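**Student:** Note that the protein sequences, when read in sequence, are chains A and B.
Counting in my numbering, the first sequence runs from 1 upward without gaps.
Counting in my numbering, the second sequence runs from 1001 upward without gaps.
Since the hints were derived computationally from the structure, they do not count as laboratory data.
All values derive from a computational prediction rather than experimental measurement.
Incorrect hints may have been included.
Said to hold, decoys possible - Stretch by stretch, here's where chain B covers chain A in the computed footprint (C-beta under 8 angstroms, at least three residues):
| hint | stretch |
| --- | --- |
| 1 | 10-18 |
| 2 | 82-92 |
| 3 | 197-210 |
Unchecked claim - Taking lysine to aspartate or glutamate and the EDC-like style, the derived pairs with C-alpha atoms no more than 16 angstroms apart in a straight line are:
| hint | chain 1 | residue 1 | chain 2 | residue 2 |
| --- | --- | --- | --- | --- |
| 4 | A | K175 | A | D250 |
| 5 | B | K1175 | A | D250 |
| 6 | A | K252 | A | D196 |
| 7 | B | K1175 | A | E254 |
| 8 | B | K1252 | B | D1189 |
| 9 | A | K85 | B | E1028 |
| 10 | B | K1085 | A | D189 |
All residues carry an ideal CB built from backbone N, CA and C; glycine is no exception.
Number of protein chains: 2
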Amino acid sequence: MQILLTNDDGITAPGLVAMYRRLAELGETHVVAPATVQSATSHGITLTTPLLTSRVKVDDAFTGTSVEGRPADCVKLAMQIMPKKPDLVISGINSGANVGINVLYSGTIAAAIEAAFLGLPAIAISLHMGNHPPNYPAAANLALSLIRQIHAAGLNPGQVLSVNLPAMPPGVPPKGVKIARQCTRPWPDSYERRTDPRGREYFWVSTVFSLWTIDPDTDVAALSEGFVTITPLEFDLTNHRQMSHWRDVDWKLEP
Amino acid sequence: MQILLTNDDGITAPGLVAMYRRLAELGETHVVAPATVQSATSHGITLTTPLLTSRVKVDDAFTGTSVEGRPADCVKLAMQIMPKKPDLVISGINSGANVGINVLYSGTIAAAIEAAFLGLPAIAISLHMGNHPPNYPAAANLALSLIRQIHAAGLNPGQVLSVNLPAMPPGVPPKGVKIARQCTRPWPDSYERRTDPRGREYFWVSTVFSLWTIDPDTDVAALSEGFVTITPLEFDLTNHRQMSHWRDVDWKLEP
Chain A
1 MQILLTNDDG ITAPGLVAMY RRLAELGETH VVAPATVQSA TSHGITLTTP
51 LLTSRVKVDD AFTGTSVEGR PADCVKLAMQ IMPKKPDLVI SGINSGANVG
101 INVLYSGTIA AAIEAAFLGL PAIAISLHMG NHPPNYPAAA NLALSLIRQI
151 HAAGLNPGQV LSVNLPAMPP GVPPKGVKIA RQCTRPWPDS YERRTDPRGR
201 EYFWVSTVFS LWTIDPDTDV AALSEGFVTI TPLEFDLTNH RQMSHWRDVD
251 WKLEP
Chain B
1001 MQILLTNDDG ITAPGLVAMY RRLAELGETH VVAPATVQSA TSHGITLTTP
1051 LLTSRVKVDD AFTGTSVEGR PADCVKLAMQ IMPKKPDLVI SGINSGANVG
1101 INVLYSGTIA AAIEAAFLGL PAIAISLHMG NHPPNYPAAA NLALSLIRQI
1151 HAAGLNPGQV LSVNLPAMPP GVPPKGVKIA RQCTRPWPDS YERRTDPRGR
1201 EYFWVSTVFS LWTIDPDTDV AALSEGFVTI TPLEFDLTNH RQMSHWRDVD
1251 WKLEP
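Using the sequences and the accompanying hints, generate a full structural model.
**Tutor:** In structure tokens:
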């Protein structure tokens, strides 16, 4: 089995390294990942400038291709440089949950969606950060077990799952697995308004995302309760339910 | 009516300026847009660095707020700096179609989706580039007419439409309006593999996106036939059809 491993935290991120160490048991794992942190870059791609690449050795774990680009660039580029098309694409383990509104912003999830769009089965894996240092090796153990079960249950080409692992402080295992929809409740933004040394105004995001929602059937709620959450995602953004409303309009083209 | 106008081509882009000139007839229009070109930055947001802003006068058209950030940042920030919450958010007119796979990459569409996520009605407007110079004033005339019709038909808070205008060479008006789903067929990437002056390998995207698909009921097909396309979009990326398949798995948590 050929596996592509990528992420949005950069090729040296501890979550990716821990995931690599376990994924190597499952198949021949190639790492093509961003050279630098690409959190919250969503599904951005590089169109007009070159994508610089380097072969880099990370710890004693692997030698991979680092790309000065976005997570989705890495997936596209991997199709050019891997010896054959991967059988599975893993994105992560991300430092931080990708639930609720963050599904839209996440580069980790965008990489998995890009892979699915290209016709591959893909899984994004994210670890919620608690109040204690994250245990990436433990998270990778759990992730590998889940990846095996997902593979056995049949993840088809073009399908993408987003897996979120709870923070798992010592002695507190996850309560179970919940298949949960993405929470779509808006998260209130806050910005600090400041003035730079030259009198120019600037803004700095001060929002702290927390796992809180009043929608009990969502990824946000299940993760906050200590469950592993799994959310199947899609890349058809069409709102099919609204099509007929707009088809009923008697459109006129005269300005 | 208070309107927020943004885009991904930057605050001085001719498509935005032309749209502003017509939108001002519809309501009090505030421009909060990126300082620089942000094409293909998708739904990226700025979390760790400050968002620098400037008040800039563009042509003799308007004075707006330019933001050194992403299109979605502009929408979030506009909520902080507009005198009141907008009644409508317009993103565009983009230089280039946003159909098919480009729906995922587009900053124009991400800005509109962000607005919808924040509970506002939002419309993204994009103009397909033909072989002749684009006529933005004519595109803005048509866009305003469509915006009026959409408003009259009832665009609810949290709803987002993506409108694509055909290239409209002189004497060739659009054939009509089609409500069309997003084409989800993957687009083959191509890269040129090159070597830099120091012997380092790099890649440069050489893909040219064209309006071609074998799926006749999609945005790509309708736009290529010369229709205006309208696609209702959504920001819940959950693939609800796949939920039961994954709920049926007997998940084990032991690694």
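**Student:** At least three residues with a C-beta closer than 8 angstroms to a C-beta of chain B: is that true for the stretch 82-92 of chain A?
**Tutor:** Check failed, 0 qualifying residues.
**Student:** Take a quick look at whether A:K252 and A:D196 sit within 16 angstroms of each other, Cα to Cα.
**Tutor:** Distance ~50 angstroms between A:K252 and A:D196 Cα, so the pair is violated.
**Student:** Holds or violated: B:K1252 with B:D1189, Cα cutoff 16 angstroms?
**Tutor:** Judged against 16 angstroms, a Cα distance of about 39 angstroms means the pair is violated.
**Student:** Between the alpha carbons of B:K1175 and A:D250, is the straight-line distance 16 angstroms or under?
**Tutor:** The hint holds at about 14 angstroms.
**Student:** Is the straight-line distance between the alpha-carbon of A:K175 and that of A:D250 16 angstroms or less?
**Tutor:** violated (53 angstroms)
**Student:** Would you check chain B against the stretch 197-210 of chain A, counting CB to CB pairs closer than 8 angstroms, and say if three or more residues qualify?
**Tutor:** With 6 residues in contact (Cβ-Cβ under 8 angstroms with chain B), the coverage given for the stretch 197-210 of chain A holds.
**Student:** B:K1085 and A:D189 were given as a pair; does the straight-line alpha-carbon distance stay at or below 16 angstroms?
**Tutor:** With Cα atoms ~14 angstroms apart, B:K1085 and A:D189 stay inside 16 angstroms; holds.
**Student:** Does B:E1028 sit within 16 angstroms of A:K85, going by the straight-line distance between their CA atoms?
**Tutor:** violated (52 angstroms)
**Student:** Please work out if B:K1175 and A:E254 have their alpha carbons no farther apart than 16 angstroms.
**Tutor:** holds (11 angstroms)
**Student:** For the stretch 10-18 of chain A, do three or more residues have a beta carbon lying closer than 8 angstroms to a beta carbon of chain B?
**Tutor:** Per the Cβ count (0), the hint is violated.
Against the hints set out earlier in the document, violations occur for numbers 1, 2, 4, 6, 8 and 9.
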